Amino acid sequence: MQPKSITVYLNHEPREWRVHPNDLLLNVLREHEALTGTKYGCGIGECGACTVHIDGEPVLSCLTLAIACEDKSILTIEGLARDGKLDAVQTAFLDHSAFQCGFCTSDMILMTRALLNEIPNPTEEQVRDYLRGNLCRCTGYASIVRAALGAATQEANAIGAADA
Amino acid sequence: MLSTNTHILFSEFEYHAPTTVNEVAELLSEYGDSARVMAGGTDLLVQMKMERRRPAHVISLQRINELHTITQNGALTIGAATAIRALDQYVTLNHPSLGARLESLSAACNLFSSVQIMHMATLGGNLCNASPAADTAPVLLTCDATVTIKSKTAEKTVPLADFFVGPGKTILGPNEFVTYIQIPLPAQNTGSAFRKISRVVADISQVCAAVTIVRDGNIVQDARIALGSVAPVPFCAEQARAALVGETFGPELAEHVGNLAAQEIKPISDVRATSAYRRSVAFVIVRDALMQAWDNCG
Numbered sequence: 238m239q240p241k242s243i244t245v246y247l248n249h250e251p252r253e254w255r256v257h258p259n260d261l262l263l264n265v266l267r268e269h270e271a272l273t274g275t276k277y278g279c280g281i282g283e284c285g286a287c288t289v290h291i292d293g294e295p296v297l298s299c300l301t302l303a304i305a306c307e308d309k310s311i312l313t314i315e316g317l318a319r320d321g322k323l324d325a326v327q328t329a330f331l332d333h334s335a336f337q338c339g340f341c342t343s344d345m346i347l348m349t350r351a352l353l354n355e356i357p358n359p360t361e362e363q364v365r366d367y368l369r370g371n372l373c374r375c376t377g378y379a380s381i382v383r384a385a386l387g388a389a390t391q392e393a394n395a396i397g398a399a400d401a
Numbered sequence: 009m010l011s012t013n014t015h016i017l018f019s020e021f022e023y024h025a026p027t028t029v030n031e032v033a034e035l036l037s038e039y040g041d042s043a044r045v046m047a048g049g050t051d052l053l054v055q056m057k058m059e060r061r062r063p064a065h066v067i068s069l070q071r072i073n074e075l076h077t078i079t080q081n082g083a084l085t086i087g088a089a090t091a092i093r094a095l096d097q098y099v100t101l102n103h104p105s106l107g108a109r110l111e112s113l114s115a116a117c118n119l120f121s122s123v124q125i126m127h128m129a130t131l132g133g134n135l136c137n138a139s140p141a142a143d144t145a146p147v148l149l150t151c152d153a154t155v156t157i158k159s160k161t162a163e164k165t166v167p168l169a170d171f172f173v174g175p176g177k178t179i180l181g182p183n184e185f186v187t188y189i190q191i192p193l194p195a196q197n198t199g200s201a202f203r204k205i206s207r208v209v210a211d212i213s214q215v216c217a218a219v220t221i222v223r224d225g226n227i228v229q230d231a232r233i234a235l236g237s238v239a240p241v242p243f244c245a246e247q248a249r250a251a252l253v254g255e256t257f258g259p260e261l262a263e264h265v266g267n268l269a270a271q272e273i274k275p276i277s278d279v280r281a282t283s284a285y286r287r288s289v290a291f292v293i294v295r296d297a298l299m300q301a302w303d304n305c306g
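Residue numbers (the working numbering), protein chains in the order written: chain A, 238 to 401; chain B, 9 to 306.
The shape of chain A in the complex, shown without the other chains (with noise of 0.2 Å):
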């Protein structure tokens, strides 16, 4: 099982990396470049807490091989916020208190994005339905569903200004 150099586009910045076929995209993230703001949770896509975005869409890293990431733009949380300014998302999570343990927040920070993406202005009925694979075992769902609705008005609310 011979190692393969890839480059990946990692929070923006290309990297290049010497990897195994056996090697989970998570423990990658995790062990080889110190970032550990993506969780191992359960292992088997129960559970959403390695939610990382890959071309843009979430999936799970616990269930991604590293070398099939070859070219490929990943995103985590350590990537989301530009220039030393948090995402509209990220601010809705700390203005809502949307978190207790912390251990699900970056998963549910990485899918309200994705979500928000796709849908702009969600309803509570699809927040709820397009988070239904992240875990939150503290049961804060009630502030994480607020802060998501939360940062799609606020970011409505900055393009109204910045049309006007």
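Please keep in mind that the hints were generated in silico from the structure rather than gathered at the bench. What you are looking at is a predicted structure, and each value in this text was computed from that prediction instead of being measured. Even glycine gets a Cβ: it sits at the ideal position worked out from N, Cα and C. Be careful, since some hints might not be right.
[Stated by the list, open to error] With a cut-off of at most 20 Å between alpha-carbon atoms, the simulated EDC-like pairs for lysine to aspartate or glutamate come out as follows:
#1 A:K309 with B:E20
#2 A:K241 with B:E74
#3 A:K241 with B:E22
[As the list claims (entries may be wrong)] Which bits of chain A does chain B cover? Going by a derived footprint, with three or more residues having C-beta under 8 Å, they are:
#4 274-280
#5 300-310
#6 364-377
With chain A held as given, fit chain B onto it using these hints.
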């Protein structure tokens, strides 16, 4: 002993990422039983973590563009590596007129799992994994779907009804893989519906049911009824169907046919549900799916 590791992949394998179907056929003819084709990986990688499968070669379909495409030409031809999410968006967003007739397909895609898994998991993978609980299988059975199977030396198209052999087992030989799934375009007066019972929406089905009805006035001209998680393979309820076709449709008929379906299934008890529970809810979801499909006939 069953390993419960889910953190790392212990097993070692060579990874192949061909860009054409012919390369896949070549690789399979070379490695046969020691190879496993991977589409989305959401089932295969879990099985490999648990050491239920130990392929020496993993052949990824991810870089084969033609297997990610859907074309419409008398039939829907769906590349085997098409993600469930992409299929759902094709049917519901791009082709709303189709969506009404294929509501069962969009519903099964929507209720499939989490959004993340829907982006990763594929139609071909869902069928080839051959779980008795696969949500898309009953739907495709009621659509008279066919699958195209390719090897280095041959290509054939078979009815999906002949594809499943047992839990995790299909008719695929060691050198064969699925390239396309075809769904004949349903006639105008067709309606379909899908119902699923699971602990939460993102969970695996305890029972699911799909129904397609072709309507002629008040008469059921033709119909298909199929269920998941009620037998070793996705199950076509033929006795229930026989009691439905040619009859005048109404709530009492739906009730009667639902009962027949619940009697002819062969459910087991497992971690997700008991046999008795599966039978009870099979009646309810078949009845409800029949009512919905009839309404969808337009």
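Quick rundown of the hints versus the structure:
1. A:K309 with B:E20: 23 Å, violated
2. A:K241 with B:E74: Measuring from Cα to Cα gives roughly 26 Å; hence the hint is violated.
3. A:K241 with B:E22: Cα-Cα ~11 Å, so holds.
4. 274-280: Holds: 3 residues of the stretch 274-280 of chain A have a Cβ under 8 Å from chain B.
5. 300-310: With 6 residues closer than 8 Å to chain B, the stretch 300-310 of chain A meets the three-residue bar; holds.
6. 364-377: holds (count 5)
Figure legend: structure checked against the earlier numbered hints; hints not met, in rising order: 1 and 2.
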